[in-house]
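Chains as they are written, first to last, in the UniProt record's numbering: chain A, 1 to 370; chain B, 1 to 370; chain C, 1 to 415; chain D, 1 to 415.
These aren't lab readings, by the way, just hints derived from the structure by calculation. None of the values given here were measured: they were computed from a predicted structure. Positions of the beta carbon are idealized from the N, C-alpha and C atoms, including for glycine. Please note that the accuracy of each hint is not assured.
What the hints assert, rightly or not - Computed list of lysine to aspartate or glutamate pairs in DMTMM-like fashion (alpha-carbon distance at most 25 Å, straight line):
no., chain 1, residue 1, chain 2, residue 2
1, D, K403, C, D2
2, C, K403, D, E409
3, B, K99, C, D2
4, B, K28, B, D4
5, C, K213, A, E49
6, A, K28, C, D2
7, B, K22, B, E333
8, D, K316, A, E34
9, C, K95, C, D146
10, C, K213, C, D117
11, A, K118, A, E49
12, C, K213, A, D273
13, D, K213, B, D158
What the hints assert, rightly or not - Listing some non-contacts, in silico: residues in chain B with all C-beta distances to chain C over 10 Å:
no., residue
14, D4
15, R259
16, P260
What the hints assert, rightly or not - Covered stretches of chain B, as calculated for chain C (at least 3 residues, CB under 8 Å):
no., region
17, 29-36
18, 181-194
19, 232-242
20, 265-273
Listed here are the chains, written in short residue letters.
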Amino acid sequence: MNFDFSDEQRELQRSARGVLEKECTTAKVRRVLEGDDGFDREIWSTIAEMGFCGAAIPEEFGGLGLGYLELCVIAEELGRALAPVPFDSTVCLFAELLKLAGSDAQKALYLPRVAEGKLIGTLAQAETRGAAAGARAAVSGGKLSGTKCPVMDGGSADIAIVVAFEEQDAAPTLFLVDLSSEGVERTAVETLDPSRKHALLRFGGAPAERLGARGEAVDILGHVYDRAAVLVAFQQVGGAERALELARDYALQRVAFGRPIGSFQAIKHMLADMFVSLTIARANTYYAAWALQSDSAELPAAAAAARVSATTAFQHCSTNNIQVHGGIGFTWEFDSHLFYRRSNLLALSLGSQSQWEAKLVDRMRTRKAV
Amino acid sequence: MNFDFSDEQRELQRSARGVLEKECTTAKVRRVLEGDDGFDREIWSTIAEMGFCGAAIPEEFGGLGLGYLELCVIAEELGRALAPVPFDSTVCLFAELLKLAGSDAQKALYLPRVAEGKLIGTLAQAETRGAAAGARAAVSGGKLSGTKCPVMDGGSADIAIVVAFEEQDAAPTLFLVDLSSEGVERTAVETLDPSRKHALLRFGGAPAERLGARGEAVDILGHVYDRAAVLVAFQQVGGAERALELARDYALQRVAFGRPIGSFQAIKHMLADMFVSLTIARANTYYAAWALQSDSAELPAAAAAARVSATTAFQHCSTNNIQVHGGIGFTWEFDSHLFYRRSNLLALSLGSQSQWEAKLVDRMRTRKAV
Amino acid sequence: MDFEDSPEEAAFRKEARDWIKANAPHDLRPWLERSPYTAVELPPGMDEVAAQKDWQRRKYDAGWACIAWPEAFGGRDASPAERLIWEQEEGLFRKLSTLFLINLGISGPTILTCGTDAQKEALLAPCVSGRHVWCQLFSEPASGSDLAGLRTKAERTGDGWTVNGQKIWTSFAHEADWGLLLARTDPKLAKHAGLTMFVLKMDSPGIEVRPIKTIHGHSEFNEVFFTDVFIPDDQRLGPVNGGWRVALTTLMNERLLAGATVDTGFDELLDFCQRFETENGRAIDDPRVKSQLAQWAVRASGLRYAALRAISLESKGEVPGPEHSIGKLVAGSMLQDIAKFALDLQAEAGLLVDADVALYAGRFQVMLMHSPATRILGGTDEILRNIIAERVLGLPGDIRVDKDIPFDEIASARA
Amino acid sequence: MDFEDSPEEAAFRKEARDWIKANAPHDLRPWLERSPYTAVELPPGMDEVAAQKDWQRRKYDAGWACIAWPEAFGGRDASPAERLIWEQEEGLFRKLSTLFLINLGISGPTILTCGTDAQKEALLAPCVSGRHVWCQLFSEPASGSDLAGLRTKAERTGDGWTVNGQKIWTSFAHEADWGLLLARTDPKLAKHAGLTMFVLKMDSPGIEVRPIKTIHGHSEFNEVFFTDVFIPDDQRLGPVNGGWRVALTTLMNERLLAGATVDTGFDELLDFCQRFETENGRAIDDPRVKSQLAQWAVRASGLRYAALRAISLESKGEVPGPEHSIGKLVAGSMLQDIAKFALDLQAEAGLLVDADVALYAGRFQVMLMHSPATRILGGTDEILRNIIAERVLGLPGDIRVDKDIPFDEIASARA
């Protein structure tokens, strides 16, 4: 029994943190937040060069062939640094979908380029019901039509895995769609956190190649969402911890009524409660990392628990980080809002908290049936 | 517009408080809590002599013919004093059911004795699903069979209004049953708050007289529960306020680390939050009192809002009153547990909080249909 | 107890309603309905300042600009109940007086209470009529919750004062003609004792206004820098070194004039849940949603009725309690929780903020980004809990390590 | 990272499991399952003290009584992981060692760390084997959270000490043979500086034990009164006036030895919700119930895994953090909230506490009445938050008005 990362994994974490503290400053995050670039290409290159993109891609497909534990460690650091890069879309979703459902040819074609950081991939699943709502995505004769929104990194991705109904099927199928093809129209959409860009994709007869078996999208996505949930939970834990540190540091430094505000119980206890949330989330994510790495039957429940607790912790810490900062906490110039934005984005981007809560209970109950 | 009680009503409140502070000490509450008496007959006589039992009973039936506002004021004081008397059962439920559904003969027979404090009545509705569960209550040929539990004051009541199905009806009917009749068996049952006694009633062919129209029980009870909810909400507000006062007083007096514990923000803010709950509950109950008095179409929603907020406030204040007291807060000898018990009893005795929450939203939505 | 109008009140309500009907800019109604929170969004090309000044002027001319004030200064000595009725009848159009929140809630009442006759004569009419826009110059970067710790200095020079320092969170500083300034006039005295209140012209030389960009991008807040700004002594409000007492009057006024309406976000959430279809039917039919709605519903109605009760107590001559503190304390975190709850219902679509793709026109997304400020501005949640604990429940104040010490010694300890 | 046993661990687990299988009183299992929380309820007529002493003795003889201790004192120098495995395998039978919580968690470790060789020799074996029952004499009516404010005096007399005063919240004082006493030996020193730790026999003349009745009626707590109780100086534990340091060791041990299991009430709630039929079907199918369950589920599992992680850190030689504080902090209010939630589901039937009419054998009703104590005993929620804030996050301590002042001057200020 050993409920902690190994020394090698800790070393990986230290080196990732070192690089990101230098390369991925909040100034860089703001550049993406305030600009039109899809993501920060310099940081992405650095990450790719360190092998982070291919950490969990098998060596035969150009990756490092390390395990998921290493990927979890990396995810935590990217979350801590609020890295403005297409990691979730490309590594957590696109690559994992390919690994699980791709043919050998598909894997050989795309995974090496993902590992090199040369290919940006994403998943196009959601179909908004807002003003832009359209007919549901459908594939007929190998051509895709429909609208997807929001699509993470949809503006800069080279390729998307699209969930669509083939012909008159009752269940959807996954399709690979080259986003530079004819019949693909992309529109940037603004989200709660513009440091991670999203787009609306309109498909008007774009060529689509099946990924995995026909009608199997729901099943494949279910598995991959569990994996991605663990990886995103590590990002959330990383972000939560950083937000707590910033709040703590400010509480030690800011003086009111002649003493540091961190000496007032209202602030002390607020920070203590944030630490409790974080500790609970961290413990659940560690367990989920083990379940992911060991492909345990516990993964579905563990992933949901990690997701639910990490979402709670990041929202809690990022919100109260603003509160501890007071007025300057909600200025554009201070970094607090960057964490607030990211926490609220991640709370929604793999499905809502209440959906994951329901999944968690359904899975616990299956596991412990009476 | 005047969102407060009148000077006369305030005067009534002052005199009720004066009498109850003298007559209804917590020592008396404990005597019922620890003993087998159904309630405190001395306090009940005093209350009856002051006209409290018949405050809202019309003069023609022996009451004072005052309004519900007066009854609300009285209820608040009884709640504050944790009065161990059958007020809810006899005045809020039994008398109100008679007023709403009774024939003139039934009213003339019972209401004057209620007003005098000479008759204890109750409502027997719940049928427990625990080990004691039996067949549902039914009336055939004017004879009642079945089991009811918990019945408030079921041990000492002279008469009960019982909800039962007549013959093969699909909807239940209300029946008056003299509890001294043959075929009535009573067993005391212990509840969260033994200062208000409850019983299990077994009926084996007891004579039953119809109250209100056949099959109308649900409708009649719905109306009367709204009225009772307002009156109980005032009791809850009274209890919450007293619990807050006790906590505040203790926080001022108890010293730790060389200063009153009430000077620590953790305690100050806990008390402030209790005050907020209380203020919200009080405001909602006042509005509900007006709706009750004026028989407004707002009553159903207002009663539910009063009930929900008052339940929250009393549980909140009674729980944190213990927390402020620390160790002695959960000793038998200190009074804190008396409030904790009562708050948890009242939270369940007219149906649960979640049931009232659902009622509230259903009623708001009817009112403000889109 | 009566939640309905007396005949006199009904008559007053009719008068108000008739006047609104005849005079309000009804064409702006849809724009005001859509305006999120503190912001006023008007049709493209319309001058927001001019539109607000126009509405204020119209109200002033008809005696509706500040009905609770004495008749001598443009009011009609209205009772608390009449104030409430007017507020209810003005309704949405109140938003069009946003620019004058400081005029009517802060500066005006302070001058009315603490000003000299000459000051009242000169300043009050243009303050109420909206001819002058006012701003409040109290908070500083190093003194937010601890207002009395402010450092902006006003030093005696000739027949006036020279001001140096910096203020922050100043709403409307760009539009303002006048400012109400709290400054330190004697740093050798204890912190509350060395402050003085002034009124000053915002076009005085040496004033620089810089807008603050906030989390939601646009904002009405500014930083204001003072470099050797001269204020004649007749613009001093109240005695030298008596500024803290004047400030308390101001803050009290702020509480008194707070309306009965506090925005909790509940009405919008209820409306949204009644319309929104989830995978399992209408959101409002979900027991989870229902339970949450009920818990917020009683808070929203409780705050509303508590504010009404405060008005009744005021009518009887009692001093209103901390109802305003409670309202803001409850509403601040409710706004935040409600926004998160609504976005959760929207699931992935919840992260969209563009009004043309977002659900419910992106209102809850805006609420989410505004809500952190609500829990801080005008008193943080923590300060409000202290106020309730100390002023209502009589609990001891926090231990003050900076009490009775000359301000300049605290300040040095601080650096 | 591996949540499964290594081969060595698996071997150790098998040894433990085999021994339990062969030696535990399996006939008591249903009774232990039904025992609510801190209480141990055994078959009518069975002597609870004897049954517990018997189990402890059996474990001692086989080397399972306190496996983390050095072999010299009856342990087996077990690793943190082995401690966890033993805890998991002993399972329900741990309840049968309730009587020895103080022996094993407090007194024993303190003597082990701070005792003289003679004290260890005389006291440890009967402490671990359960021949002696121990109690802890720390808290006083006027010093709960503020433990160092205690007033019970120990004054020099001849070759020993005379004790006068009162202790409270003493578990097992009636059954105890020995007590660990913290007393004030010099009131002229500052409050933490004038304390000394002793061990004393509970049958010493002048000791009176009075049980405390608590909110749930029965309780293992007592008040203990000391009237001129003599303690020989060789029963002093650690230096004169060095008692605070010894007490900190004790409290640290308490934290170290806290198990990986913390009772949050969640497992029972989940089980109940899976069985309970509401008007609208199984409780667990209600979205409101589901959402609440999920929120509690992650706290319960989070606490479990956090405790496991602490064990891993300990294995690596790191000093465990405040995991125990977090566990109790979260579990205390969870128990209370869960109890209320379950009673709410039961609606009117929820108010019944008689096991023969109550639903689910009245377990949640018992939980409701026990939960207030959980949020107070062994550190209130507020003290635990302070511990986390100060010891983990490095925030300043509360301002101490009683620091560096002779104790008798504080005490007088207090009266």
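Status of each hint after checking the structure:
1. K403(D) x D2(C): Distance ~56 Å between K403(D) and D2(C) Cα, so the pair is violated.
2. K403(C) x E409(D): It holds: about 24 Å lies between the C-alpha atoms, which stays within 25 Å.
3. K99(B) x D2(C): 24 Å, holds
4. K28(B) x D4(B): 32 Å, violated
5. K213(C) x E49(A): 37 Å, violated
6. K28(A) x D2(C): Status violated; Cα separation ~61 Å.
7. K22(B) x E333(B): 20 Å, holds
8. K316(D) x E34(A): Given that 25 Å is the threshold and the Cα spacing comes to 45 Å, the pair is violated.
9. K95(C) x D146(C): Violated. K95(C) to D146(C) sits at ~30 Å, over the 25 Å cutoff.
10. K213(C) x D117(C): 39 Å, violated
11. K118(A) x E49(A): 11 Å, holds
12. K213(C) x D273(A): The hint is violated at about 30 Å.
13. K213(D) x D158(B): Given that 25 Å is the threshold and the Cα spacing comes to 35 Å, the pair is violated.
14. D4: The claim is violated: D4(B) sits with its nearest Cβ about 5 Å from chain C, within 10 Å.
15. R259: 8 Å, violated
16. P260: About 6 Å separates P260(B) from the closest Cβ of chain C, which leaves it inside 10 Å; violated.
17. 29-36: violated (count 0)
18. 181-194: violated (count 0)
19. 232-242: violated (count 0)
20. 265-273: holds (count 7)
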